[in-house]
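Novice: Letter by letter, the chains look like this.
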Amino acid sequence: MNEMDPDLTVRVGPLRLKNPVLAASGTFGYGREFEPLFDPALLGGIVVKGLSLEPRAGNPPPRIVETPCGMLNAIGLANIGVKRFLEEKLPWLQRLDTTVVVNIYGHSVEEYGEVAGALRGVEGIDALEVNISCPNVKQGGMAFCTDPMMSARVTETVLERSDKPVIVKLSPNVTDIREPALAVEKAGAHALSLINTITGMVVDVEARRPALANVKGGLSGPAIRPVAVRMVYEVVEAVRIPVIGVGGIATAKDALEFLITGARAVEVGTAGFADPLATLKILDGLSGFCRSRGIDRVEDLIGTLETDRRF
Amino acid sequence: MNEMDPDLTVRVGPLRLKNPVLAASGTFGYGREFEPLFDPALLGGIVVKGLSLEPRAGNPPPRIVETPCGMLNAIGLANIGVKRFLEEKLPWLQRLDTTVVVNIYGHSVEEYGEVAGALRGVEGIDALEVNISCPNVKQGGMAFCTDPMMSARVTETVLERSDKPVIVKLSPNVTDIREPALAVEKAGAHALSLINTITGMVVDVEARRPALANVKGGLSGPAIRPVAVRMVYEVVEAVRIPVIGVGGIATAKDALEFLITGARAVEVGTAGFADPLATLKILDGLSGFCRSRGIDRVEDLIGTLETDRRF
Amino acid sequence: MFECEPEITAHREVAPGTYLMTLREASIAKQARPGQFVMLRAFSGMDPLLRRPFSICGRIGEDAFGVLYRVVGRGTAVLAKQRTGDRIQVLGPLGNGFQTGPASGSFILAGGGVGVAPLFFLAQTLLGQGDRTPAFLAGFSGKQEVLSPGDVLQLDLEAEIATEDGTLGHAGPVTDLLEPHLAVCAEQGNKTTVCACGPPAMLERVAALARAAGASCQVSLESAMACGLGACLGCTVHAAPQEGIPYLRVCREGPVFPAEAVDWSRAGAGWS
Amino acid sequence: MFECEPEITAHREVAPGTYLMTLREASIAKQARPGQFVMLRAFSGMDPLLRRPFSICGRIGEDAFGVLYRVVGRGTAVLAKQRTGDRIQVLGPLGNGFQTGPASGSFILAGGGVGVAPLFFLAQTLLGQGDRTPAFLAGFSGKQEVLSPGDVLQLDLEAEIATEDGTLGHAGPVTDLLEPHLAVCAEQGNKTTVCACGPPAMLERVAALARAAGASCQVSLESAMACGLGACLGCTVHAAPQEGIPYLRVCREGPVFPAEAVDWSRAGAGWS
Ligand SMILES: Cc1cc2nc3c(=O)[nH]c(=O)nc-3n(C[C@H](O)[C@H](O)[C@H](O)COP(=O)(O)OP(=O)(O)OC[C@H]3O[C@@H](n4cnc5c(N)ncnc54)[C@H](O)[C@@H]3O)c2cc1C
Ligand SMILES: Cc1cc2nc3c(=O)[nH]c(=O)nc-3n(C[C@H](O)[C@H](O)[C@H](O)COP(=O)(O)OP(=O)(O)OC[C@H]3O[C@@H](n4cnc5c(N)ncnc54)[C@H](O)[C@@H]3O)c2cc1C
Ligand SMILES: Cc1cc2nc3c(=O)[nH]c(=O)nc-3n(C[C@H](O)[C@H](O)[C@H](O)COP(=O)(O)O)c2cc1C
Ligand SMILES: Cc1cc2nc3c(=O)[nH]c(=O)nc-3n(C[C@H](O)[C@H](O)[C@H](O)COP(=O)(O)O)c2cc1C
Ligand code: FES
Ligand code: FES
Numbered sequence: 085m086n087e088m089d090p091d092l093t094v095r096v097g098p099l100r101l102k103n104p105v106l107a108a109s110g111t112f113g114y115g116r117e118f119e120p121l122f123d124p125a126l127l128g129g130i131v132v133k134g135l136s137l138e139p140r141a142g143n144p145p146p147r148i149v150e151t152p153c154g155m156l157n158a159i160g161l162a163n164i165g166v167k168r169f170l171e172e173k174l175p176w177l178q179r180l181d182t183t184v185v186v187n188i189y190g191h192s193v194e195e196y197g198e199v200a201g202a203l204r205g206v207e208g209i210d211a212l213e214v215n216i217s218c219p220n221v222k223q224g225g226m227a228f229c230t231d232p233m234m235s236a237r238v239t240e241t242v243l244e245r246s247d248k249p250v251i252v253k254l255s256p257n258v259t260d261i262r263e264p265a266l267a268v269e270k271a272g273a274h275a276l277s278l279i280n281t282i283t284g285m286v287v288d289v290e291a292r293r294p295a296l297a298n299v300k301g302g303l304s305g306p307a308i309r310p311v312a313v314r315m316v317y318e319v320v321e322a323v324r325i326p327v328i329g330v331g332g333i334a335t336a337k338d339a340l341e342f343l344i345t346g347a348r349a350v351e352v353g354t355a356g357f358a359d360p361l362a363t364l365k366i367l368d369g370l371s372g373f374c375r376s377r378g379i380d381r382v383e384d385l386i387g388t389l390e391t392d393r394r395f
Numbered sequence: 085m086n087e088m089d090p091d092l093t094v095r096v097g098p099l100r101l102k103n104p105v106l107a108a109s110g111t112f113g114y115g116r117e118f119e120p121l122f123d124p125a126l127l128g129g130i131v132v133k134g135l136s137l138e139p140r141a142g143n144p145p146p147r148i149v150e151t152p153c154g155m156l157n158a159i160g161l162a163n164i165g166v167k168r169f170l171e172e173k174l175p176w177l178q179r180l181d182t183t184v185v186v187n188i189y190g191h192s193v194e195e196y197g198e199v200a201g202a203l204r205g206v207e208g209i210d211a212l213e214v215n216i217s218c219p220n221v222k223q224g225g226m227a228f229c230t231d232p233m234m235s236a237r238v239t240e241t242v243l244e245r246s247d248k249p250v251i252v253k254l255s256p257n258v259t260d261i262r263e264p265a266l267a268v269e270k271a272g273a274h275a276l277s278l279i280n281t282i283t284g285m286v287v288d289v290e291a292r293r294p295a296l297a298n299v300k301g302g303l304s305g306p307a308i309r310p311v312a313v314r315m316v317y318e319v320v321e322a323v324r325i326p327v328i329g330v331g332g333i334a335t336a337k338d339a340l341e342f343l344i345t346g347a348r349a350v351e352v353g354t355a356g357f358a359d360p361l362a363t364l365k366i367l368d369g370l371s372g373f374c375r376s377r378g379i380d381r382v383e384d385l386i387g388t389l390e391t392d393r394r395f
Numbered sequence: 016m017f018e019c020e021p022e023i024t025a026h027r028e029v030a031p032g033t034y035l036m037t038l039r040e041a042s043i044a045k046q047a048r049p050g051q052f053v054m055l056r057a058f059s060g061m062d063p064l065l066r067r068p069f070s071i072c073g074r075i076g077e078d079a080f081g082v083l084y085r086v087v088g089r090g091t092a093v094l095a096k097q098r099t100g101d102r103i104q105v106l107g108p109l110g111n112g113f114q115t116g117p118a119s120g121s122f123i124l125a126g127g128g129v130g131v132a133p134l135f136f137l138a139q140t141l142l143g144q145g146d147r148t149p150a151f152l153a154g155f156s157g158k159q160e161v162l163s164p165g166d167v168l169q170l171d172l173e174a175e176i177a178t179e180d181g182t183l184g185h186a187g188p189v190t191d192l193l194e195p196h197l198a199v200c201a202e203q204g205n206k207t208t209v210c211a212c213g214p215p216a217m218l219e220r221v222a223a224l225a226r227a228a229g230a231s232c233q234v235s236l237e238s239a240m241a242c243g244l245g246a247c248l249g250c251t252v253h254a255a256p257q258e259g260i261p262y263l264r265v266c267r268e269g270p271v272f273p274a275e276a277v278d279w280s281r282a283g284a285g286w287s
Numbered sequence: 016m017f018e019c020e021p022e023i024t025a026h027r028e029v030a031p032g033t034y035l036m037t038l039r040e041a042s043i044a045k046q047a048r049p050g051q052f053v054m055l056r057a058f059s060g061m062d063p064l065l066r067r068p069f070s071i072c073g074r075i076g077e078d079a080f081g082v083l084y085r086v087v088g089r090g091t092a093v094l095a096k097q098r099t100g101d102r103i104q105v106l107g108p109l110g111n112g113f114q115t116g117p118a119s120g121s122f123i124l125a126g127g128g129v130g131v132a133p134l135f136f137l138a139q140t141l142l143g144q145g146d147r148t149p150a151f152l153a154g155f156s157g158k159q160e161v162l163s164p165g166d167v168l169q170l171d172l173e174a175e176i177a178t179e180d181g182t183l184g185h186a187g188p189v190t191d192l193l194e195p196h197l198a199v200c201a202e203q204g205n206k207t208t209v210c211a212c213g214p215p216a217m218l219e220r221v222a223a224l225a226r227a228a229g230a231s232c233q234v235s236l237e238s239a240m241a242c243g244l245g246a247c248l249g250c251t252v253h254a255a256p257q258e259g260i261p262y263l264r265v266c267r268e269g270p271v272f273p274a275e276a277v278d279w280s281r282a283g284a285g286w287s
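Protein chains in written order, with the working numbering: chain A, 85 to 395; chain B, 85 to 395; chain C, 16 to 287; chain D, 16 to 287.
Just chain A, with the same shape it has in the complex (with noise of 0.2 Å):
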């Protein structure tokens, strides 16, 4: 490292990344997929693919579709589950030289706490984000996280069965996201991101049908930045654990709307679609950002946001 070159890396809770640029869950696969492409260690840390107890198909096709600055997904967290991923990805992310972070989701309170219990002791994990916002599946879900005290419930059980750093990651479809924040938060989480997609549909006007075979699906992408900035700052004002801002990232110039806003740390999702060298040129751009302006660690830039009235 140049003597020059800022000082990246950040604390988020009992986490420490080497630098605040994560991949975000369900976009970038266990890790590998990318790796003909540039070597994930690069990053401040990896969300896998959100993991649950037993293996599931996911929804039919079509699962996608393109939107203005974004695209809707309904996945429906197809995932190989826990035993497969422990036998086939974990291996692989052990040897990673960096964070990883599992994204777990359950059907039941109880299954987030298997899922969890599954995970206990296994190294080479570095976290547990909790999926309790996605908009995708029919039970459970988005379920947890727009009802405060289910979404406590979960994190309570997570915790229970885990011995590691749990971040919980919070939905954006509800009225006021500081109660669901602050739930989690007296729950005992470690730590929020924030947000999961916003529910959304697109109408196929020639079939005169649902563009996704599920109907809705989860809007993400560039598109939804101005709204996780907003909840992050509402969020980051109304709790005093560490938040992940993550929605619409694709620039550092958009990094650094959430870390000037209060977030410790982002996840870039759907812009790695768009161009999937993202993630390193966001990371070059705040390198850059901080030494044109003489910062020497990122960290002296998160949460300094001022509001008072100029004018």
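The hints are simulated quantities; they were obtained by calculation from the structure and are not laboratory data.
Which chain C residues stay away from chain D? Per the calculated CB distances, all over 12 Å, these: (1) Glu28; (2) Ser121; (3) Glu173; (4) Ala198; (5) Arg220; (6) Ala228; (7) Ala254; (8) Pro256.
Below, a list of computed lysine-lysine pairs in the DSSO-like style, where the Cα atoms sit at most 30 Å apart: (9) A:Lys270 / B:Lys300; (10) B:Lys337 / C:Lys96; (11) B:Lys365 / C:Lys96; (12) D:Lys96 / D:Lys45; (13) D:Lys96 / A:Lys337; (14) A:Lys300 / B:Lys337; (15) A:Lys300 / B:Lys300; (16) B:Lys365 / D:Lys45; (17) A:Lys300 / B:Lys270.
Predicted model, so just to flag it, every value in this text is computed and none were measured. Using N, Cα and C, we set each Cβ at its ideal position, and we do this for glycine too.
Once you have looked at the hints, place chains B, C and D with the ligands on chain A.
Specialist: Chains B, C and D with the ligands only, in chain A's frame:
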């Protein structure tokens, strides 16, 4: 009218519109601003800027900022108040050969009633659109929509004081849009319009300040269309009163998404900034769509969405 | 696999609304195998957002490859506006191509519309391997739309043409041309491989005919894609029951599949 | 006011990052008055979404007008990519221009950076009215950035130049040049009008100097805009207390305002 031209008239409860394309409140001024470009009477209707009892200055600048495929606004319901509206704006509107809808707003339930009362018996106003969903003002506004009981009370009060059809405009910033929709229907509203803007925020990373003086603003434009379509879908399934679709409509195809989903008319807002002739182009496109598919009446398209799975 | 921003070295309309774009990128041109695809992006803003997948239609010269595409929507409309000398974002080569193996036997390539694109590359490769000249059958809506391996890629290969409106070659679907070929092959007891690309309904019919004739069959499928890398799980198609998994990713397990891997009763779910 | 899609008949970089675009649209060229602006859009997708406002910098030939712009962000970057022969969406002319009236008296035009654009048009118009040759003062960061009425519009008018780095003309802000002119005018008891366009801080200083010298002053302001038509209320600036209304719409009441209409203590709220 050419014999072959499809019939574009639509009924929205007690209203009969010459076509289903209206200009959305706050984006078309008092109608006259676009007159140098085209005859506003070509539209199915125009919804004028939100009107309150007393004039309002609105928020300090900056009031708008562009976002990916959209924009944030925090105009703050700046308006000239009922008195000047009746004196200065109404006479021109009265001569306009299209449906005129006045969007109204109050700081309290009582003020909503007063505005409605002040417009009672006034000729040339065909309906009221009750904005219970503006996120850019401190008091009232969105609070009326996020609480179904309040939504109902505002609706009842306006209905009591008004002699006109009442359309209630809902906010998307809620966990379940069906709740206010049902409450407002039960309170007797003639129609619903949705969605208003989604609350968002942009950070100016150079200044490390919110891009808007008001900090948060309302997100509009194509970016939000999938969310609007989804909410219209949810509401038309839940209520029996007619629904007007709003949010991100920029092309005839976009308008068709809403009509097919079940909206009986649409309002076009932000797209009119990107292209001031957008509404007319949408009308042309709707006619063309119907013509090329042998559809005689645009009403035959409304609510024709099929959602049973094919595969 | 490479992520790069090559120069467009040639770009022309080869049929109404169908373009051939030549991209100079030796790394991709050398590594690519027939049936593989690239994800392209030529937009400066974030709308359209996603890259679009296109088959590589052949090697062009030493260090370039071609993409043969039809303008159907916004992404392809933007592509068509690009000029020679412009650079666009390219990711590839991606996916699994056609299995040509070391095995002998005869190849029948059957394409529908712009679906001939990956078959041009396959034909180019087979021709380059000596005496493996394939039969090339191609169906189009009409004479105007015809894309021939000679015109597009300067291949020394005569295609048998079918047009729906009968304005050129056989009047009818391309599958009409396939039947006699399969019959000959079956007669001669040849090991025959059919490689096909085109609309789902055509592919289903090709697969059925090949199966009936005892020929093996590979099809190149399409679906909407976000990542092209197997990461998003967005591009799935229904797998045939015996596959043991419910869905196949077009970008990773495909885009070329053995015909029997696909659940044909539910193929084409992606496109109306 | 017209909504049209004129052809770009010329487009060149006149200083690093600053371009002159000529648009052939007789209707706008004929109707426009100095200080008015157009809203431009040259994007095919929905991102960027909004049109961008630009002053008309002058009539060019019989049927065209010019836009002199600096690339500062995404919208202007897209503009800069347009080539001669392309068409872009144009709405205009919009807003209220400079008041030149039938009144006699002398004009001093003071521009900062690309803020000279509307002043070029104003100078062109005054020159066309016979003996109303204005004084033209223009400030830039350095020699490289200088935009002169002769180079850009072939006007027969010598500008007095100031540069911040002293590489050309006076070393210092353009307001240094204004003071002696105002002093002369005050001495001669002339009715003097100062017309200015540039950064808010410069305009505030110009307004103060003009007021002190008893000259009338008109300023062209900028702000972010959505509609350009007075409909969205997005482009407001703070009005001076005596205006009786709290905010002025730049697109409708402006962009040219009498200096005393503006609350200078809160001008420039729009730009960091
Ligand atoms: C592996 C693969 C290889 C492909 N190779 C080629 C090729 O060589 N040449 C070529 O022209 N096209 C090819 N396609 C199809 C191409 O990707 C689409 O035509 C393109 O993405 C459409 O982009 P658009 O933005 O123009 O259309 P959109 O605006 O995204 O869509 C416009 C219309 O086209 C339909 N459409 C979109 N994508 C497809 C598709 N994949 N198949 C059928 N209809 C579609 C949409 O439903 C819509 O009705 C390939 C697709 C895949 C998955
Ligand atoms: C009435 C009027 C006339 C104008 N005339 C001209 C002209 O003749 N020539 C010219 O070059 N520009 C002119 N401008 C400014 C021009 O509109 C902006 O530079 C342009 O909109 C920027 O678009 P963008 O997408 O490139 O930048 P954005 O990506 O929108 O913004 C990039 C950066 O530029 C800043 N910025 C954006 N707009 C402005 C602005 N209006 N003033 C200062 N900073 C801004 C933003 O804050 C941001 O930091 C005028 C503006 C107005 C309101
Ligand atoms: C295709 C796709 C799959 C996703 N899968 C998951 C998932 O399994 N678990 C989860 O918590 N979030 C999932 N997400 C949500 C993303 O992690 C992220 O929260 C969201 O997309 C917003 O960020 P973005 O705009 O950067 O994509 C998925 C998103 C996409 C687009
Ligand atoms: C600048 C601006 C001002 C608005 N003012 C109002 C208003 O006064 N009352 C109201 O009900 N909605 C108002 N809206 C919301 C729009 O009417 C519309 O619901 C919203 O913008 C979504 O539609 P769109 O995406 O087509 O713009 C405003 C929107 C914008 C962009
Ligand atoms: S396109 Fe992402 S998995 Fe195939
Ligand atoms: S830009 Fe809309 S009112 Fe001025």
